[in-house]
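Trainee: The lines below spell out each chain.
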Amino acid sequence: GAVVSQHPSRVICKSGTSVKIECRSLDFQATTMFWYRQFPKQSLMLMATSNEGSKATYEQGVEKDKFLINHASLTLSTLTVTSAHPEDSSFYICSARDELAGGGEQFFGPGTRLTVL
Amino acid sequence: RKEVEQDPGPFNVPEGATVAFNCTYSNSASQSFFWYRQDCRKEPKLLMSVYSSGNEDGRFTAQLNRASQYISLLIRDSKLSDSATYLCVVNPYNFNKFYFGSGTKLNVKP
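Quick mapping for you: the protein sequence lines, in order, are chains S and V.
Position in the first sequence (first residue = 1) + 127 = our numbering.
Going by our numbering, 99 is the number at position 106 of the second sequence; the sequence numbering is gapless.
The shape of chain S in the complex, shown without the other chains:
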């Protein structure tokens, strides 16, 4: 299957700082990528859909000014958690589809575990 990378895999930061997470499709192009958050023992929650060359589409209840998404190329989307607080500590996962392959499957990055002190 298609490969999606994510960086960093783990980050610990102080409250009030901003953290940028990168999501890359390594062997395919993706006009659309997805950002999820997962709290312990819960399912993935879609935060936003990242669209190459245009604004991201945010799910209800997700603050667009707090979770900045940039999808500047067909292989890279970034999520910036601004002014992070302890309640933002979570597992953030991105995914992408290989649109040229035609299937509907999503391929996930390995995730970023964010801990805000």
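Rather than coming from a laboratory, the hints here were simulated on the basis of the structure.
Yeah, the Cβ is synthetic: ideal placement off N, Cα and C, and Gly gets one too.
There could be a bad hint or two in this list.
[To be verified] As a list, the in silico DMTMM-like pairs of lysine to aspartate or glutamate whose alpha-carbon atoms are at most 25 Å apart:
#1 S:K168 <-> V:D50
#2 V:K98 <-> S:E232
#3 V:K(-5) <-> S:E232
#4 V:K(-5) <-> S:E190
#5 V:K102 <-> S:E214
#6 V:K90 <-> S:D215
#7 V:K35 <-> S:E214
#8 V:K35 <-> S:E149
#9 V:K90 <-> S:E190
#10 V:K35 <-> S:E186
#11 V:K102 <-> S:E179
#12 V:K90 <-> S:D192
#13 S:K168 <-> V:E(-2)
#14 V:K35 <-> S:D225
#15 V:K38 <-> S:D225
#16 V:K(-5) <-> S:E186
#17 V:K90 <-> S:E149
#18 V:K38 <-> S:E232
#19 V:K90 <-> S:E186
#20 V:K35 <-> S:D215
#21 S:K168 <-> V:D32
#22 V:K35 <-> S:E232
#23 V:K38 <-> S:E186
#24 V:K90 <-> S:D154
#25 V:K38 <-> S:E149
#26 V:K38 <-> S:E226
#27 V:K90 <-> S:E226
#28 V:K90 <-> S:E179
#29 V:K35 <-> S:D154
#30 V:K38 <-> S:D192
#31 S:K168 <-> V:D75
#32 V:K38 <-> S:E179
#33 S:K191 <-> V:E(-4)
#34 S:K168 <-> V:D0
[To be verified] Distance ranges between label pairs, derived from CB positions:
#35 V:A13 <-> S:A228: 25 to 31 Å
#36 V:R52 <-> S:T209: 41 to 47 Å
#37 S:S145 <-> V:S19: 33 to 39 Å
Mind docking chain V on chain S? Use the hints.
Mentor: Structure of chain V alone, referenced to chain S:
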């Protein structure tokens, strides 16, 4: 009502057992269905797509029942390594919207 519902389990089964999970979805217009496997503290990995005609891959069989709006996953001859959380994913309208079930936890014991 949730878009996708799964029994959270856990299902505790001995090695070699056959186990089945179901997943119900609410939108009858749903187009695509998938089973993913997620290990603890890892990302989900695609296990298999679910086609209208069913899909089999080794010990794993997935079925779709459109009339009753559910998909199933059958695992035969369970291995210890099958222990994980199995996520049901449904794509209702187009490929840019996916709904995840909360996952079914499977524990395969020696």
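Trainee: Holds or violated: are the alpha carbons of K98 of chain V and E232 of chain S at most 25 Å from each other?
Mentor: Within the cut-off at roughly 22 Å; holds.
Trainee: Does the structure keep K168 of chain S and D0 of chain V at a Cα separation of 25 Å or less?
Mentor: Given that 25 Å is the threshold and the Cα spacing comes to 14 Å, the pair holds.
Trainee: K102 of chain V and E179 of chain S were given as a pair; does the straight-line alpha-carbon distance stay at or below 25 Å?
Mentor: Violated: K102 of chain V and E179 of chain S sit about 45 Å apart, past 25 Å.
Trainee: Measure nothing beyond the straight line between the CA atoms of K90 of chain V and E190 of chain S; if it is 25 Å or shorter, mark the hint as holding.
Mentor: 19 Å, holds
Trainee: Would you check the hint for K90 of chain V and E226 of chain S, treating anything up to 25 Å between C-alpha atoms as holding?
Mentor: Cα-Cα ~14 Å, so holds.
Trainee: Holds or violated: are the alpha carbons of K90 of chain V and D154 of chain S at most 25 Å from each other?
Mentor: 23 Å, holds
Trainee: Is the hinted pair K38 of chain V and E179 of chain S satisfied, with a Cα-Cα distance of at most 25 Å?
Mentor: Given that 25 Å is the threshold and the Cα spacing comes to 24 Å, the pair holds.
Trainee: Is K38 of chain V close enough to D192 of chain S, meaning Cα to Cα at most 25 Å?
Mentor: 30 Å, violated
Trainee: Between K38 of chain V and E186 of chain S, is the straight-line Cα distance small enough, at 25 Å or below?
Mentor: 23 Å, holds
Trainee: CA of K168 of chain S to CA of D50 of chain V, is that 25 Å or under?
Mentor: 28 Å, violated
Trainee: For the pair supplied as a hint, K191 of chain S and E(-4) of chain V, is the alpha-carbon distance within the 25 Å limit?
Mentor: 24 Å, holds
Trainee: Using the Cβ atoms, figure out if A13 of chain V sits within 25 to 31 Å of A228 of chain S.
Mentor: 30 Å, holds
In summary, the numbered hints that this structure violates are 1, 5, 11 and 30.
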